[in-house]
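One line per chain: the protein sequences are A and B, in this order.
Residue numbering for the first sequence follows my numbering, starting at 1 and increasing by one per position.
Residue numbering for the second sequence follows my numbering, starting at 593 and increasing by one per position.
Keep in mind the hints are simulated off the structure, nothing from the lab.
It is possible that some hints are incorrect.
Some chain B residues near chain A, calculated using beta-carbon distances under 10 Å [to be verified]:
1) 615
2) 617
3) 642
4) 643
5) 644
6) 653
7) 690
8) 692
9) 693
10) 795
11) 798
12) 801
13) 803
Ideal Cβ placement from N, Cα and C applies to all residues, glycine included.
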Amino acid sequence: MSSSRLSCKRTKRGCPTSPLFGQVLAPASSRRCDLTARELPRNAKTCRTIVGRVPREAQRNKKPDIRLDIRLQDFQARLKTYTRHRITIRSLTALLLLLTALSGSQAQDNADSVLTSDLETSLAPAALPPAPVTELKAFDSKNDHGHSVTLNWRLSPDDGAGKNIVFAYEVYRWVPFFMDSLKSVREKLSQTESAIAELEVFEPPAKHLLNMHREGKPGKGFADSVKFYEDTLAASKRLLPEYRQQVDRLRDERDEGIDRIPSAHTSYPSEGEWRKVGTVVAGESRFENVGVKDKESADYLADNTPYYYRVDAVTVNPAVRSQSDVVGPVRSSGQWFNTGRVPVFVAVMVFGFLTVYFITRAKRGIDLYVRPLAGIDAVDDAIGRATEMGKPILYVLGLGTAADIATIASFTILGRVARRVAEYQTQLIVPCYDPIVMTVAQETVKAGFSDAGRPEAYNEDIVYFVTQSQFAYVAAVNGVMLRQLPATNVYMGRFYAESLILAETGALAGSIQIAGTDEIAQIPFFIVACDFTLIGEELYAASAYLGREPLLLGSLKAQDYAKAAVIALATAGIVAANLDWTWFTTLFRVSR
Amino acid sequence: MRRQIPLALVMIFGIFMIFQYFVPHESSEWVYEFLLDWIYIIGIFALALGIWSLIRVSVEKIHSRKSGWGYPIITLAGLFLMILFGFIGRRDGVWGLYFMTAEGLSNPMFRHFFDYILIPIQSTMFALLAFFIASAAYRAFRARNILASLLLIAALIVMLRFNPYMGPIGPYVADTASWLLNVPNLAAKRAIIIGIGLGIVATALKVILGIERGYMGKG
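Produce the complete structure using the sequences and hints provided.
Here it is as structure tokens:
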């Protein structure tokens, strides 16, 4: 076999058509993929599929041959190659047969027969099917809304071992023929609805055009089409009511059909057939048959319906396969509690308890220390500066929506700023990106002015909407900065790519700038370009810090204790991971 | 009553949203999606308010001849022209007003205004970021003290990592840069993220319990 040893030029790639797919022999020195004829894919020249890179450590290793276990990363790529391989085998066989038929000389015949014999040996499908999968189990997928069944099995003994000929596993579900009639009803319904939509769209402009024509104002080239429009409108008038009735009838039929799905499945094994619902690559022993919950969809997988499954182990030649035992009936259903989120639930409960506990303590009058926040302390000074300079204060709420916590925290700071502005009789400008944020900000500023005892000073133009286009908004705010030269710019909320453009323009305009955001990527920009920056959680702490209300301070204290707990648990996690205490680390695992 | 009803609504829906996260059942999802639909509905009404606000402020600026009063004219002209072009379309060779269909989106003037004015202007604004990054980096990297010097050195290493002409020291620079990004930088980022997470939960709890009322104009 050494004479037929071939090299694959794609040294860092594994070839999925190899019987040893998933494994590549990679000599470290040459960094080449060197496979024997048996190991090399039969269509080696067309071998393309990427399955992974050779790790750097392996490349550096001085050993002559390293068997690398490369995981398949792209399932689609493998399926594509699988299909291509089948086509290549057929094409090559056909070509060889043609060559054999055309060849005249005996010598050529002999050569061809040798070649054909060699290739047939390599191209011929495995004569014996692989051993089937065993211990096939099907159960309702956990922690979901239903409409999903999970299967797992023990791999075929010929997958990665034994004859090593398993290429993939095909999962089949038994489907009653009734589902075909339901499918045809769905298709008819969809077609009829499309037809109605087309006629409805056609009608108004067609009528308009005909009216114009009757008034002697035909559109260019329209005169030739008058008959067509008239006929279509007449047909539309006749057909639309009929189609609408048909849609109502089909909808009823579809709904009745959907209700009948569970009972139709009880006829197993008669009046139905096995249909493929998915494929997984060799080496995988799990499949999730996920449907959708939308009853109108063709992919709807009804809950509480008895489903039957089987799994086929298939070789490169799809005709050579083995079937597993049938498993079922299995029913899918939705769960009322996601057990995969228990750690989050516990954390929320503990944190909620801590918050309530410290709020209660704060209510009793126990003094709670909060470290100074320079950014918030600077707000009052900045407002004073603006008053002295006779220039306005620009308050930017960012690009967040009213549902973002950063924006909610920003409203609180805006309320405080508005109160001070009203007291000092300074001008405030609040350009908004989101219309809902604008309406809430208007209420906040109005309340701030009222609290300061100057409701008459409130002007609806203080808070205004600009646009919902990111850079158009930036252009508008920058224009305000450069034209009105505010003494102070306050940026509080959620910011994205515009943060630095805003902050740098403000710096160029010579304004004092205070920023606060929970967008990690934007914090460095604000730190560089602004005079004071509230980093992350400081933005949320600002309301408590400003108000000094015990209720708000209590929640801050709870946050501090929670942070201490996180530090302690992270340290314990490091220790546990190093000591291989998996029971400890799995306690914190959150799924879906 | 004006304050209590909104507070009660916030509490009810806030608590529902907390528990919804732990309930994957279809009925829970249905209520969740129903509530999310309300956000869109409210958003559409709020957009009308927003456009009205923009028109009012612009008209006021033009009327009172405030500084830069010419810009609102362009704003209003752009607003109304795009709305107008968006409704004028051509079907079967005939121009008309189409309020219910999408002919207006293929109106050449609508497309041209969008493709050749709005998009280039927005791209220009975004491109300015490159220059602002340079000026901000210059300010940040001035070695005024030890911390600023450390920042400068770290930034230089990370920047040099992408230099293709580093010769034999290239791998060492790349390893150091990767370490800087993956160890001290990531550690600090994670600390901030944990703080933000806790802050979000605490603020959400305060909003649900009615302690934080800044969003109602009561700071």
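Quiz item: Which of the numbered hints above does this structure break?
Solution: none
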